[in-house]
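Engineer: Going down the list, the protein sequences come from chains A and B.
The first sequence begins at 1 in this note's numbering and counts up by one.
The second sequence begins at 1 in this note's numbering and counts up by one.
These aren't lab readings, by the way, just hints derived from the structure by calculation.
Wrong hints could be hidden among the right ones.
Claimed, not checked - What follows is a set of in silico ranges between Cβ atoms, one per label pair, in the way DEER data are often shown:
1. A/A69 / B/G37: 44 to 50 angstroms
2. A/S130 / B/F117: 25 to 31 angstroms
3. A/D89 / B/L2: 42 to 48 angstroms
4. B/I41 / A/R75: 33 to 39 angstroms
5. A/D32 / B/K103: 50 to 56 angstroms
6. A/S130 / B/I329: 28 to 34 angstroms
7. B/I329 / A/P44: 48 to 54 angstroms
8. A/R75 / B/L301: 40 to 46 angstroms
Here a beta-carbon is modelled for each residue, glycine too, at the ideal position from N, C-alpha and C.
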Amino acid sequence: MVYKKILVTSTGEYLDQIAKETMELIADWDTDVIGVYVVETSTPFLTPKKVKEMMVTELTQRGKQVLDAMEEKFRAPNIHFSRILKEGDPADEIVKIAEKNDVDLLVMGTGKSIVDKHLLGSVSEKVVHSAPCTILLIRTVSE
Amino acid sequence: MLWIIALVAILIVSLIIVIKAADIFVDKIVEIGGIMGISEIILGVTASAIGTSLPEFGSAVMAALFNSPDLGVGVVIGSNIWNIAGILGISAIFAGTIRSSPKGLTRDGAFTLLTAFILLGFMYFLGVVDIYASIIFVIVYSIYLWILIRDQKKEAENDVKKEEIKVKPTEQISYHPPEEKKKIGFGMIAWSLVGLVGLIVGCRLLVYSGTELATIANIPQMIMGLFTLAIGTSIPELVVTFNSARKGLHDLSIGTVLGSNTFNIMIGLGIPAIFMSVPIEHLSYTFDAPVMIFVTVLVLLLIKRGMKLTRVDGFILALTYITYAVLRIYVLG
Numbered sequence: 001m002v003y004k005k006i007l008v009t010s011t012g013e014y015l016d017q018i019a020k021e022t023m024e025l026i027a028d029w030d031t032d033v034i035g036v037y038v039v040e041t042s043t044p045f046l047t048p049k050k051v052k053e054m055m056v057t058e059l060t061q062r063g064k065q066v067l068d069a070m071e072e073k074f075r076a077p078n079i080h081f082s083r084i085l086k087e088g089d090p091a092d093e094i095v096k097i098a099e100k101n102d103v104d105l106l107v108m109g110t111g112k113s114i115v116d117k118h119l120l121g122s123v124s125e126k127v128v129h130s131a132p133c134t135i136l137l138i139r140t141v142s143e
Numbered sequence: 001m002l003w004i005i006a007l008v009a010i011l012i013v014s015l016i017i018v019i020k021a022a023d024i025f026v027d028k029i030v031e032i033g034g035i036m037g038i039s040e041i042i043l044g045v046t047a048s049a050i051g052t053s054l055p056e057f058g059s060a061v062m063a064a065l066f067n068s069p070d071l072g073v074g075v076v077i078g079s080n081i082w083n084i085a086g087i088l089g090i091s092a093i094f095a096g097t098i099r100s101s102p103k104g105l106t107r108d109g110a111f112t113l114l115t116a117f118i119l120l121g122f123m124y125f126l127g128v129v130d131i132y133a134s135i136i137f138v139i140v141y142s143i144y145l146w147i148l149i150r151d152q153k154k155e156a157e158n159d160v161k162k163e164e165i166k167v168k169p170t171e172q173i174s175y176h177p178p179e180e181k182k183k184i185g186f187g188m189i190a191w192s193l194v195g196l197v198g199l200i201v202g203c204r205l206l207v208y209s210g211t212e213l214a215t216i217a218n219i220p221q222m223i224m225g226l227f228t229l230a231i232g233t234s235i236p237e238l239v240v241t242f243n244s245a246r247k248g249l250h251d252l253s254i255g256t257v258l259g260s261n262t263f264n265i266m267i268g269l270g271i272p273a274i275f276m277s278v279p280i281e282h283l284s285y286t287f288d289a290p291v292m293i294f295v296t297v298l299v300l301l302l303i304k305r306g307m308k309l310t311r312v313d314g315f316i317l318a319l320t321y322i323t324y325a326v327l328r329i330y331v332l333g
């Protein structure tokens, strides 16, 4: 199966592993890769407004760095890389971007351990249930 | 019975009023300060340093003004113990890991510890926090704030240099149009006054309900301050610390707690001491303040091992808090 348009998303953690496995999949085929970073803007009630703004600024800064790193990893003659930085709920935004750009494959890491998934929830689990395309979930749990 | 329920309701509502009012007040003051030409860095650092701690500060001032100084001391020391052992403990348990940068830890950790020792010194040798202590507290806090602003300026300069070296186009980035130059409007002043009045009224109601409940339940005001009000007024620290740890904003997570603890002592106790000398209970300097120093040292040592707090460290901190609470409430009373 050849994927023409692939959406790759990462928070920066395990980016090496996600990029390596995606590159193996792409091989020598001409492919469009869309790097996506979503700045999570939700905060609990009673979070001070200024702190909320500070969080968004810091996460946006990090998002740019992650997308820079992603661009480096996908630098190849057969790959056309583009980047999207969005604010919102990560799972919702990833699904929306996949739909809007009509991607063939969505690549992301599994991210968290079982304990973390139960305590914090999981973006990848939410995306799995509503993604409009095939998903490659790369096992990225640290030992 | 009905009166107790009403008091608990007043306590909860006043807490929400205090936290939201502090937020509105800081937000509008920063906006006005920005229009008046005060540097964004100074405003940002000050807002983040005092933003989460205004509820503790307001409660301590109100407690001092309305002759409940024990309650004020309790709120400050109790908040500091809860911030470190409770909030960082809970956040580390849930987030799994909270990392720290060596610089942030050295600067904020050193000041948190220094301020705790200065407070203990005044408590132990004078048995009171008076106007002289107040002057020293405010001077030390001003130095801390100056260092924070200096570091932030350096960081901003470095960021600008990096941006100049490497400019990358980012497609479809959420675009925020540049804001037009604003003027200080009536609404801004009105909202900042609403925030200030809300803070004063909320803190007064908080202190009133706290002292009344303590009297009815026949428990010392100090206990009420150390636990109920301390935990209540630290809700902003809890949401910020936990949420930033969850999002991987580790420096903000640990910095919020350490910065808040420095503010609570230097300003939360320093400013009320301008109005009246705050007498210190024997147990405060023989038990509560030493516990505050102990948990501060403990958290710094736990972080220092691998420049992070792990889930296991979180359990250690949470258990330390539970042990302290049980000893303080049931054994020492």
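Engineer: Compare the structure with each hint and give your call.
Structural biologist: Evaluation of the provided hints:
1. A/A69 / B/G37: 44 to 50 angstroms: With Cβ atoms ~38 angstroms apart, the hint is violated.
2. A/S130 / B/F117: 25 to 31 angstroms: With a Cβ separation near 55 angstroms, A/S130 and B/F117 fall outside 25 to 31 angstroms, so the hint is violated.
3. A/D89 / B/L2: 42 to 48 angstroms: This hint holds: roughly 43 angstroms between Cβ atoms.
4. B/I41 / A/R75: 33 to 39 angstroms: 36 angstroms, holds
5. A/D32 / B/K103: 50 to 56 angstroms: The hinted range 50 to 56 angstroms is violated for A/D32 and B/K103, with Cβ atoms some 41 angstroms apart.
6. A/S130 / B/I329: 28 to 34 angstroms: For B/I329 against A/S130, whose Cβ atoms are near 48 angstroms apart, the range 28 to 34 angstroms is violated.
7. B/I329 / A/P44: 48 to 54 angstroms: Once the Cβ atoms are compared, 28 angstroms apart, the range 48 to 54 angstroms for A/P44 and B/I329 is violated.
8. A/R75 / B/L301: 40 to 46 angstroms: 44 angstroms, holds
Figure legend: structure checked against the earlier numbered hints; hints not met, in rising order: 1, 2, 5, 6 and 7.
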